[in-house]
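A.B. asks: Work out the full structure: start from the sequences and follow the hints.
Quick note, the sequences are listed as chains A and B, same order.
Just so we're aligned, residue 1 is where the first sequence starts under this note's numbering, counting upward by one.
Just so we're aligned, residue 1 is where the second sequence starts under this note's numbering, counting upward by one.
For the record, the hints were derived by calculation from the structure and aren't laboratory data.
Any given hint could be a false lead.
To be verified - Covered stretches of chain A (chain B as the covering partner; in silico rule of three or more C-beta atoms under 8 angstroms from a C-beta of chain B):
(1) 57-64
(2) 89-101
(3) 175-189
(4) 256-266
(5) 306-312
As the list claims (entries may be wrong) - Below, simulated DSSO-like cross-link-like pairs (lysine-lysine); rule was C-alpha separation at most 30 angstroms, straight line:
(6) K318(A) with K106(B)
(7) K312(A) with K219(B)
(8) K195(A) with K353(A)
(9) K106(A) with K106(B)
(10) K207(B) with K195(B)
(11) K312(B) with K207(A)
(12) K219(A) with K207(A)
(13) K312(B) with K219(A)
(14) K188(B) with K312(A)
(15) K72(B) with K170(A)
The beta-carbon is built from N, C-alpha and C at its ideal position, and this holds for glycine as well.
Protein chains: 2
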Amino acid sequence: MAETLNISYSSLYEFTRNIFLSMGCPEEDAELATEVLLSADLRGIDSHGVARLSGYIRLWEKERINAKPNIKIVYETPSTAVVDGDRGLGLVVAPRAMKTVIEKAKNVGTGWVSIKNSNHFGIAGYHAMMALEHDMIGMAMTNASPLVAPTYSLERLLGTNPIAVAVPAKNQPPFVADFATTTAANGKLEILQRKSLEAPAGWIQDKTGEISTNPHELKDGGALLPLGGDRDHGSHKGYCLGSIVDIFSAVLSGANYGPWVPPFVAFLSPPANPVGEGIGHFLGAMRVDAFRPAEDFKNHMDNWITTFRNAKSIEGEKVIIPGDPEREMQIDRLVTGIPLLIPVVEDLSALVKKLGVKDPF
Amino acid sequence: MAETLNISYSSLYEFTRNIFLSMGCPEEDAELATEVLLSADLRGIDSHGVARLSGYIRLWEKERINAKPNIKIVYETPSTAVVDGDRGLGLVVAPRAMKTVIEKAKNVGTGWVSIKNSNHFGIAGYHAMMALEHDMIGMAMTNASPLVAPTYSLERLLGTNPIAVAVPAKNQPPFVADFATTTAANGKLEILQRKSLEAPAGWIQDKTGEISTNPHELKDGGALLPLGGDRDHGSHKGYCLGSIVDIFSAVLSGANYGPWVPPFVAFLSPPANPVGEGIGHFLGAMRVDAFRPAEDFKNHMDNWITTFRNAKSIEGEKVIIPGDPEREMQIDRLVTGIPLLIPVVEDLSALVKKLGVKDPF
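C.D. replies: See the structure below:
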């Protein structure tokens, strides 16, 4: 029994591009959005790839996504800017803003852009990795719909607010960290829900604040927990991290923050009294040669990476360099294709009918 | 039975200043180092205050701390610099470098300094908070002696590598996060050791990589665990965070990284083949008005803070704004004095004899 259907990257690319074109995206934007979205499918972060495409369409139908945004810098200094995403796809807004970040880093050593009025931007890692080819360290973070209860809170005030940092090396592949600031990302709960499995204690709490192992708990007033899980295991640190992402992404830019971040799903309305515009992202880049000669830096990164990779490990395991599993997955899936879960295929097939694009299956 | 002895801030200040003067620190440096060190005692982070003073002296006796450093910028761009701490006290090197950071932020919006050839810098929060009075967001991080095993590693490759972020508000006190990137800081283990208590599962592993609750495990080849504790609870994310701190603090600056970071204790020698100079820090500041008018930002921070503080909470608890407990402790201890544990008093009394300074007790 096949739980998945395999599709080549090129077929999925053509299909996804057609979907964005049928939304009314300009061709260049449709291709950029496709590349960013599919980078998740290639890297094995299946929750952030085409599985979200029909959700984007529903938000567009409700006019919460603008297919032809006028993305512009509204405020800047030599090393910073605020970008207004004009309700565009985060998949387009973020990489455009990252170009500004990189330009500023070229000029004054580092660049930092806070973005308002945007939407879901795919995987944070894509944007951070844009810096690598310029011999820069790239950074990307975003706030997100409130699903997370700070330590001791019964209310959901933060999103899973991920952080990505990409660091270039020389002969070694780059170091690419990309992680939600919760114990587990929401996508992992969805997997447990589908498989009818329980969640480990420390991932979620119920509506009374008790630890729960029920992956459906969020539908009944429960919440995801900050990285750490509980106070004894440092959940206040995960709460700090999620808060920092929220402040950098939204309080700096003028986007919505905390409980005001609009939900990613079209069937839930955004809060009635917004404190800002759309959701927020924060992007940064630092030229490594703004600190020391790039060759020196990259040689030492190679040494850092090989030292960690070759460390003595627990039997049957090895020390993983952040980014290695995703890069290996990408190499594999470019050759063997991308396995889509049947419910995702059904979802995309419905889009084929609705929008009249060519059927890829 | 008094477990502690109370001492006024002013007496402890005078004593500590005298100790640094007797090491040969110039007067200005002695006062700066005292202020930074005692900010830990005032804020209740007792592991990082005068409890470390005799350790600094022992490192100075071994000529691993230079009391008269020539701290200088060795490389810079408009928004970045590398500072060589010349083996000075981190307590002096870091706040000096933070001045450069703030100056750069004034000029181009943000400032970022990576520091090599330094030593333990006290609490990260002190340096981050230096930015607040300039209406800037401050950041500080440092690498540290390797006590932490990355996920699946049997080797200790990272320090507790803390991160501090300080954000100004308007009528509310600032948001000040300051946390080790491990489940628990080493100071918490020391408390358990003194009280002969077990550690919660998830703080430490033994030399075979099994979870241990023995707070003495590090003496027998064990290791602290990254924030998250184990793979199921996101320890790979804590490992990423600790790694990012290490890379920003040391690979960017040319300090020692990973297992090469010199130990903070004088009875352990630094590694024979260093990959850099001393330990490393990374400091940053962003002018909030490099993104939006400062008043707008600070009004929204007030709203952020009050929203989180007033959230519905678990019975008997409340949602804590990062920095609140430490600030309240500081207000309290400035009035009622600082309670020093008897072993710390004995340690300081030994310094009185050794260095011939005035006895504060």
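A.B. asks: Now look at each hint and say whether the structure bears it out.
C.D. replies: Here is what the structure says about each hint:
1. Only when three residues or more bring their CB closer than 8 angstroms to a CB of chain B does the claim for the region 57-64 of chain A stand; here the count is 0, and the claim is violated.
2. Only when three residues or more bring their CB closer than 8 angstroms to a CB of chain B does the claim for the region 89-101 of chain A stand; here the count is 0, and the claim is violated.
3. Under the rule that three or more residues need a Cβ within less than 8 angstroms of chain B, the assignment of the region 175-189 of chain A holds, with 8 such residues.
4. With 3 residues having a beta carbon nearer than 8 angstroms to a beta carbon of chain B, the region 256-266 of chain A meets the requirement of three or more and the stated coverage holds.
5. Beta-carbon proximity to chain B at under 8 angstroms applies to 4 residues in the region 306-312 of chain A; the threshold of 3 is reached and the given coverage holds.
6. At roughly 45 angstroms between alpha-carbon atoms, K318(A) and K106(B) are farther apart than 30 angstroms, so this suggested pair is violated.
7. Only pairs whose Cα atoms come within 30 angstroms are accepted, and K312(A) paired with K219(B) is accepted, the gap being roughly 18 angstroms.
8. Between the alpha carbons of K195(A) and K353(A) the distance comes to roughly 29 angstroms, so the proposed pair stays at or under 30 angstroms and holds.
9. With a C-alpha separation of about 19 angstroms, the suggested pair K106(A) and K106(B) falls inside the 30 angstroms cut-off, and the hint holds.
10. In summary, the hint linking K207(B) to K195(B) is supported, as the alpha carbons are separated by about 23 angstroms, within the 30 angstroms threshold.
11. Of the pairs offered as hints, the one joining K312(B) and K207(A) holds, with about 11 angstroms between alpha carbons and a cut-off of 30 angstroms not exceeded.
12. For the hint linking K219(A) to K207(A), the alpha-carbon distance of about 10 angstroms falls within 30 angstroms, and the restraint holds.
13. Between K312(B) and K219(A), the direct Cα distance comes to roughly 18 angstroms. Compliance with the 30 angstroms bound is thereby established for this hinted pair.
14. A hinted pair counts as satisfied when its Cα atoms are at most 30 angstroms apart, and K188(B) with K312(A) qualifies at roughly 27 angstroms.
15. Our distance criterion of 30 angstroms between C-alpha atoms is met by K72(B) and K170(A), whose separation comes to about 29 angstroms.
In summary, the structure is inconsistent with hints 1, 2 and 6 from the numbered list given earlier, while agreeing with the others.
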